[in-house]
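For the record, the sequence lines run as chains W and X.
Mapping of the first sequence onto UniProt numbering: residues 1 to 240, in sequence order.
Mapping of the second sequence onto UniProt numbering: residues 1 to 977, in sequence order.
No lab work stands behind these hints: they were computed from the structure.
Be aware that one or more of the hints could be misleading.
[Claimed, not checked] What the simulated footprint calls covered on chain X by chain W, stretch by stretch (three residues with Cβ under 8 Å from a Cβ of chain W suffice, anywhere in the stretch; the number is not a length):
#, region
1, 284 to 293
2, 436 to 450
3, 889 to 897
[Claimed, not checked] The calculated EDC-like cross-link candidates involving lysine to aspartate or glutamate, where the alpha carbons are at most 20 Å apart (straight line), are:
#, chain 1, residue 1, chain 2, residue 2
4, X, K587, X, E813
5, X, K745, X, D763
6, X, K431, W, E75
7, X, K283, W, D175
8, W, K142, X, D428
9, X, K745, X, E762
10, X, K432, W, E146
11, X, K846, X, D815
12, X, K828, X, D815
13, W, K142, X, D435
14, W, K142, X, E421
15, W, K142, X, D608
16, W, K142, X, D284
17, X, K510, X, D609
18, X, K587, X, E611
19, X, K285, W, E146
20, X, K510, X, D443
21, X, K431, X, E419
22, X, K896, W, E146
23, W, K61, X, D284
[As the list claims (entries may be wrong)] To list a few chain X residues with every Cβ distance to chain W over 10 Å, as calculated:
#, residue
24, T313
25, F327
26, K745
27, M886
28, S905
Where is the CB? At the ideal position from N, CA and C, for every residue including glycine.
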Amino acid sequence: MTVCEFFGCTFLAFGPPFAMFIFTIASDPVRIIILIAAAFFWLLSLLLSSMLWFAVVPLRKELAFGLVFSVFCQEAFRYIIYKILRKAENGFKKISDDSATLIENKHILAYVSGLGFGIMSGAFSLVNVVADAVGPGTMGLKAGNEMFFISSAAISLCFILLHTFWSVIFFNAWDNKNLVQVGYVVLSHLIASCLTLLNRYQNYYVCIIPLYLIVCVTGSFAFKVAGGSYASFKNCISIK
Amino acid sequence: MGDNITCNICDKQYSNVSNLNKHVRLLHNIEPQVKKRCLVCPTCMGMFATYVDLRDHLITTHKVEMYKEEKCFNNYAEMKCAYVKTTGNKSWKNTEKVYYICHRSHVQRSYRYAPQEEQHKMEKSQGSAKASVTCPSTLDVTLGKQQLNAVLYFPHVGHTCSLAHINLTKTERKHIAGKISEGVSFEKILDEIRDSITDKTSLGRINLLDRQDLRNITRDFSLKGNIQLHQNDVKGVFIILSVKILQKNNIFQIPIMNKTIKCTLSACIILQILSRGHGERTKDKMYERITGARGCYRRLNATHQIADRDGSTGVIYYAENIEQLDFILHNGTAPPYIPVIPVKNLSIDVIKKLIDSGLVSGLMVHANNDSLDYFTHDYQCPNPLSSIDGTCRKDSMWNPHGTALLFADIPFPIFYLEEEEEVWKIRDCFKKFNDFHYEAQSDRPLCSLELKSFMYATIDTPTCKRRSSIMTNLNPVKFCDPLGDSNIWASLYPLVEGSRNETVPLRNYKYIVVSARMDTTSMFEKTVGGNSPVTGIVTLLTVAKYLKGILKQEDIHEAKLNVLFILFNGETYDYIGSQRLLYDMLKGDFPVKGLDETNSILPIIRPDDIELFIELSQLGNNRDELYMHYLQNRTEILNFYSKLHNYSEKMRDVPHSLPPASLHTFMKMLPSFPGLVISDHETSYTNHFYNSIFDDMHNIGFEYYPNATEQDIREDSLQYFIANVSEIVGKSVYETITGKKYSGKQTADVVLVNELFQCYLEDPNCKVHKATQKGKLPKVPVSLYVGVDHVANYATTLTSLTLGWLTADDVGESDINCSNHPRNYAFKYYNMSKSIQELNTTRCYKITMNTTDAISPAFIIPDYNWTSGQYSTWTESTWAEMNVRMFLKPSSAHEKMTIAIGSLSVIFSFIFVYFWLLLFLSNVGAGTSKFVTLYSLVPPREFYTRAIGNIMNDPAYLGSGIMCIILMMVLSRNSDH
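In isolation and in its complexed conformation, chain W is listed as follows:
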């Protein structure tokens, strides 16, 4: 009855993004549109990077090559959607009910498009794994161990959150022409992706713990970028 594993993994990876979607996005049609558009742009980046992977025949077996290129490709497309959203702001004004907040608060667009990026990448990294989790068996007969499915789900969740944070930082960085922040996004994306290469040695904690550290760091960075501070954080937690 590994249907349990199937649902467990799906819930773990897509529960938090689902909650975020319900509470922060579902109410506004424009946000849904932006989310879908971002997801589409992530798909385009996947298409491009897989084309390159396919074309460069000698390096096809080298996972690292495709991975590095894919990271750059995703960041390029993040830049493209940034440019497009900034260009489309006037249009949003006309169609959105509360256009004021959407335009005034530039982080909303970043957050929504980041979540779209994340959900799509999470779906693509997890769906084929989870599909095999349904069958009667689990990993460990020939390779891997029992923790394979749940750690895959945890890693997927990690990347969904990271994409959201990265977009917030990235959009803000381009608004302020802050190249250091852009560099941070690209670099942390690279490091996080390369960490997953360690999965093949079947010691999943080696990969998961640093990944969640990166999530924490990037999350607080995004929090700061969006205007939060330690004081405001303490303020909102402590006072009832």
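The hints should help you fit chain X onto chain W, whose structure is shown.
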């Protein structure tokens, strides 16, 4: 080649004959005398000697534009075009060339048979691919060191591009055959191949593979006797439709290119790599296919279903003996289990124990080197329902070791595994994951097996037939097929006389029938049948050959007594073959259906015409004595016994006794039927492996002597024994017919016996089969399981040809006139080898052999009363796929942990996101801070009230909510197990 090749008319010299011929033809307008081949122009039926001429002619006369294309390939396999080779490789100027022609092309060997205009045959939609004309498209290949350079000529002329005539290549067929034999289901093979279509250019015949192809391959490679016909194949229909569209656009012709493509070796390599697919799924790492496991089919009769149930999964328990098995049945904490036990432990007690324990979901039986005393899972009284009462008594049963497991309804699947490597694989996995801490097994992942053999049919034959019937079901799916095949019969001398086209039946003849059974069965998919039925078949065939040698046609005519040889099929399952034959005989439908008494084709043979019925039963397990069983003291039988006894002291008679045999069918219906059975057992089988996988060559002590002559074979061998039995029976039959003792010196052919046993027990590519037919067969014994009615058994076809050959009349040189045209219903004409020593000398043979249906009358008679028990009602369930795979089953603790983590993640994130936003709303407040991001993310409260209102009001929302809750409950229940 020193001679001058000179034109007789003008003394001009030529380097070779063809140039001379061309010169004679063109210059002197004389057709040269000698011609090797003749190419027929598809448009005007003009004849040409070479392809160059033909193409020139097409270009100049018919204005056909011919193209030439050069290509290079790395190996032959890449040239998967439909071209065939007609001559050997030609060496010329240090290079080797091979010429291929279009496989639709027809090349006449000489002018004599060249078609006339009016004989021009239409292109056929099926059957021979050859059009009656020559297609100018050819493929000339130059063999280089690294690659093959090919020159293709286009287009095809004289035939359309029809799907029916594109064949699979040999390698493709081999590849597919391999898959089928591995047990990959048809659906899967088709899916894989259809999925492999990537672009238009790579579309080949292989991509158009359909079930018929697979069935053909299964038949040609003799892989298994049963094929499941499936109901829905939407994907297949879609493919066919799309192919039809593509066909219109003629993409099957290789695209014509005007410019010459030069390609280097490296370019070829890149293309090759590009076309290779990548991608390993997680699944591939999780499952290990166990090949060579043989399941068992479900069979049904009028009242019961037998054999095992549908597929299931369970934890492996590798038990070396009964004690270990008992241990797990008492101490197992992680049921269900699938015990893996050695074959000697398969007994009725063990099966009962497993069923009673309730902990077992399947059973895997593996072969090992233990020697067995007995292993038979038929009834103790085989065929109890259709035998004559009182022939099998409690105190002396024919098959005393029989467990009747074969006919038991076991609630779990049983598989038999022969390959040692696969057994090791399972044992290693068991040792690594399962074989320790049995009390805590449920807390860790366990090595498990999945046995898949889903059987569609249930309950019994009437139910299954009703469910498959169009009358009762609007969408009938075939759930079961009747067991059945063909009976084979042949007469020693023809049943007719007269010249070829004016034969008249020989009426008022009596017949001596020599019969044997054709089939066996076993618990699993594999059958061997050493003693039963192979000894009987071989003896019958040897008797046929011997009688043909000693009896003259005049003797037959004088006595008005002919000999009929009959091999009954399906006898293991309530005498299907003999029941049907008797049914046909009583209706006057034997040998041919629907003829009246006065017909001019064949005499009608009725049971009354049978003077004596001799059945050859199992003969291989007892060399000291042979027994002749009979029920009634009729003079014919007693006379025959005295003759047998005269020839051999070893012959004993057993009156008032009848072992399981086809004779039961006849004597049940006609109590005074003059029949006897010759066997190696008196009161119970000497064969302790009756109808099992161990009734093999070792059981009967057969040892093959390759290329043996009579002197090479040991006197005390099985071969000599069977030859002697055949001789005794043959001489007795001779004496019965002629009324005098055989005085000649001829003996039964022991070399033939040697070869015949080899044919059935080891390698079907034996000399006898090579003499009678040209097919290549895999080197495994052909299955002797009767199979289902709509699939012809290979064994039956081969045996019928052998029987035909051994009773045939040599009618002259072998040539193309040796065919059934004009048709004569009494004979078949075949070109066959002269003898097993002279395989390459072929003669034309006139054969009296024919087959009749061996399908139970129960399926023929309309509104048959299924409960009457009169006829055999066995059917075999259809099945989707049969395979076994090994995998790691997760522990329930781990499963619970996974779902708990997942659920917690969902709940926490909902709470966290919602309250995080609320906190900011209340604490920070709108506008008081720069920090407005999260505030503005919160949707208005009305959104939620509206959503909840919707859910409560709309039954669809409410329903889906309840479904979710139920799903969660089911899941949590399941995870407890």
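Worksheet item: Between X:K510 and X:D443, does the CA-CA distance stay at or below 20 Å?
Response: Not satisfied, since the Cα-Cα distance of roughly 77 Å exceeds 20 Å.
Item to complete: With a cut-off of 20 Å on the C-alpha distance, tell me whether X:K846 and X:D815 pass.
Response: holds (13 Å)
Worksheet item: Under the criterion that the straight-line Cα-Cα distance not exceed 20 Å, is the pair W:K61, X:D284 satisfied?
Response: Holds, because 18 Å separates the two Cα atoms, which is no more than 20 Å.
Discussion item. Given the hinted pair W:K142 and X:D284, is their Cα-Cα distance within 20 Å?
Written reply: Answer holds: W:K142 to X:D284 is near 9 Å, not above 20 Å.
Worksheet item: Any Cβ of chain W at or closer than 10 Å to X:M886, or is the non-interface label fine?
Response: Non-interface label fails for X:M886: nearest chain W Cβ at 7 Å, not farther than 10 Å.
Worksheet item: Holds or violated: are the alpha carbons of W:K142 and X:E421 at most 20 Å from each other?
Response: OK: W:K142 and X:E421 at ~17 Å, within 20 Å.
Worksheet item: Within 20 Å, alpha carbon to alpha carbon, are X:K587 and X:E813?
Response: violated (40 Å)
Worksheet item: Has the given pair, X:K283 with W:D175, been kept, meaning a C-alpha gap of at most 20 Å?
Response: violated (46 Å)
Fill in: chain W versus X:F327 - minimum CB to CB distance exceeding 10 Å, so not interface
Consistent with the label, X:F327 stays out of reach of chain W, its closest Cβ about 25 Å off (over 10 Å).
Worksheet item: Can we trust that X:K745 is non-interface, i.e. its beta-carbon lies farther than 10 Å from all of chain W?
Response: About 69 Å separates X:K745 from the closest Cβ of chain W, which puts it past 10 Å; holds.
Worksheet item: Within a Cα-Cα threshold of 20 Å, do X:K745 and X:E762 meet the stated pairing?
Response: With a Cα-Cα distance of about 32 Å, the restraint between X:K745 and X:E762 is violated, given a limit of 20 Å.
Worksheet item: Does the alpha-carbon distance linking W:K142 and X:D428 stay inside the 20 Å limit?
Response: holds (12 Å)
The structure fails hints 4, 5, 6, 7, 9, 15, 20, 24, 27, 28 (numbered hints given earlier, in ascending order).
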